[in-house]
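Undergrad: Here is how the chains run, residue by residue.
Protein chains: 2
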Amino acid sequence: MSSIQAVDLAHVGRLINHGPTVLVSSAHGARRNLMAAAWSMPVEFTPPRVAVVIDKSTYTRELVLASGAFALNLPCRAVVDLAYTVGSETGKPAHEGDSDKFSRHGLVPLRGPALGLPLVPGCVAWMECRLIEEPHAQQAYDTFFGEVVSAQADERVFVRGRWSFRDDNAEWHTLHHLGGGLFALPSRTVQAERLKPVRT
Amino acid sequence: MSSIQAVDLAHVGRLINHGPTVLVSSAHGARRNLMAAAWSMPVEFTPPRVAVVIDKSTYTRELVLASGAFALNLPCRAVVDLAYTVGSETGKPAHEGDSDKFSRHGLVPLRGPALGLPLVPGCVAWMECRLIEEPHAQQAYDTFFGEVVSAQADERVFVRGRWSFRDDNAEWHTLHHLGGGLFALPSRTVQAERLKPVRT
Chain P
1182 MSSIQAVDLA HVGRLINHGP TVLVSSAHGA RRNLMAAAWS MPVEFTPPRV AVVIDKSTYT
1242 RELVLASGAF ALNLPCRAVV DLAYTVGSET GKPAHEGDSD KFSRHGLVPL RGPALGLPLV
1302 PGCVAWMECR LIEEPHAQQA YDTFFGEVVS AQADERVFVR GRWSFRDDNA EWHTLHHLGG
1362 GLFALPSRTV QAERLKPVRT
Chain D
1182 MSSIQAVDLA HVGRLINHGP TVLVSSAHGA RRNLMAAAWS MPVEFTPPRV AVVIDKSTYT
1242 RELVLASGAF ALNLPCRAVV DLAYTVGSET GKPAHEGDSD KFSRHGLVPL RGPALGLPLV
1302 PGCVAWMECR LIEEPHAQQA YDTFFGEVVS AQADERVFVR GRWSFRDDNA EWHTLHHLGG
1362 GLFALPSRTV QAERLKPVRT
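Chains P and D are the protein sequences, given in the same order. With the working numbering applied, the first sequence covers 1182 to 1381. With the working numbering applied, the second sequence covers 1182 to 1381.
Treat the hints as calculated values from the structure; they're not laboratory data. Given the structure is predicted, the values throughout are model-derived calculations rather than measurements. There may be inaccurate statements among the hints.
Heads up, the list lumps identical chains together, so a pair's fine if it works in one copy or across two of them.
[As the list claims (entries may be wrong)] Each computed EDC-like pair below joins lysine to aspartate or glutamate, with the alpha-carbon atoms no more than 16 Å apart: (1) K1273 to E1243; (2) K1237 to D1323; (3) K1237 to E1328; (4) K1377 to D1335; (5) K1273 to D1335; (6) K1273 to D1236; (7) K1237 to E1315; (8) K1273 to E1352; (9) K1273 to E1328; (10) K1237 to D1262; (11) K1377 to D1236; (12) K1377 to D1281; (13) K1273 to D1189.
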């Protein structure tokens, strides 16, 4: 039985609220690609919207602009080598018929339920996004806004709308890139308490 | 001797690359405020630019628009209660002469070296940003772009342009908000290896 469950769109902000590295996947016709992006954030809860930085030099940018859509995939500890590797190679085929990043790494994509986008297997959460056309933000800041139209997560680590990072599910903890292939894991947690104002 | 050191502006992207919660501080004339924001990201390395989401309902937004500047402060485990508390209360004085969030919590701000912005003591990194006026992105996505003009970090945890999260400096690890005051800490790390393509 699959542990992948649909996530209520009202909870989408929580998926990337804690700042994980994401893989951006995209497709146009028979062409498809994925790239790593450390730079993404939610911008609105309702409707659920996100922003992600996609550099001008990338093949992903070409596919996103052509198709008007992209997916965010959240890699986890179990696929840390994959996340790092697809972040350090180009997906643009040098010759017609060259393998793309999916086949190069033996990945059979899952199919996004809303837009049919290729989703990366082995990840712990997935969002399909419709591109919101903002040519100025794209040009000036490489910033792409999208509306999330489907969201799924692995219920072994995302439970009732919240991340649950524990010792017994460490393989599925999200990745937070520190540079040079070193990733932090959100494995320890701390519960904050409200402070009372000091008397002044 | 202070452990606060200037950070080369070329390394600014690394400060928030891993997705920490930030406190946004701002000032205009005698008014000042701070708020918690989980939603921020770098958008460019050179010049160093960032984006941060500042909701229309906030007092911070009023001060940022009036002054054309904001600072990002990175709270750490040692000040987790403060980070949570300033994220759940308004800074707008109800009456003239009411205390602001700094004095309410006994905080004597540090002075930003470039713009004189009030910086939050007890944090582990600080950036002063000049607002880049983008009225459409501000209105449509609550997204504020800024150029980083000064950056500082605590060298006990940010060493030669990189975060160094270790057991012996756990009090200064950054915070990654999971919701409801529960924060993940980037205390464990994993080093990725490059994968070789599979034969297809």
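Undergrad: Which numbered hints does this structure break?
TA: When the structure is compared with the hints, numbers 3, 4, 5, 8, 9, 10, 11, 13 turn out to be violated.
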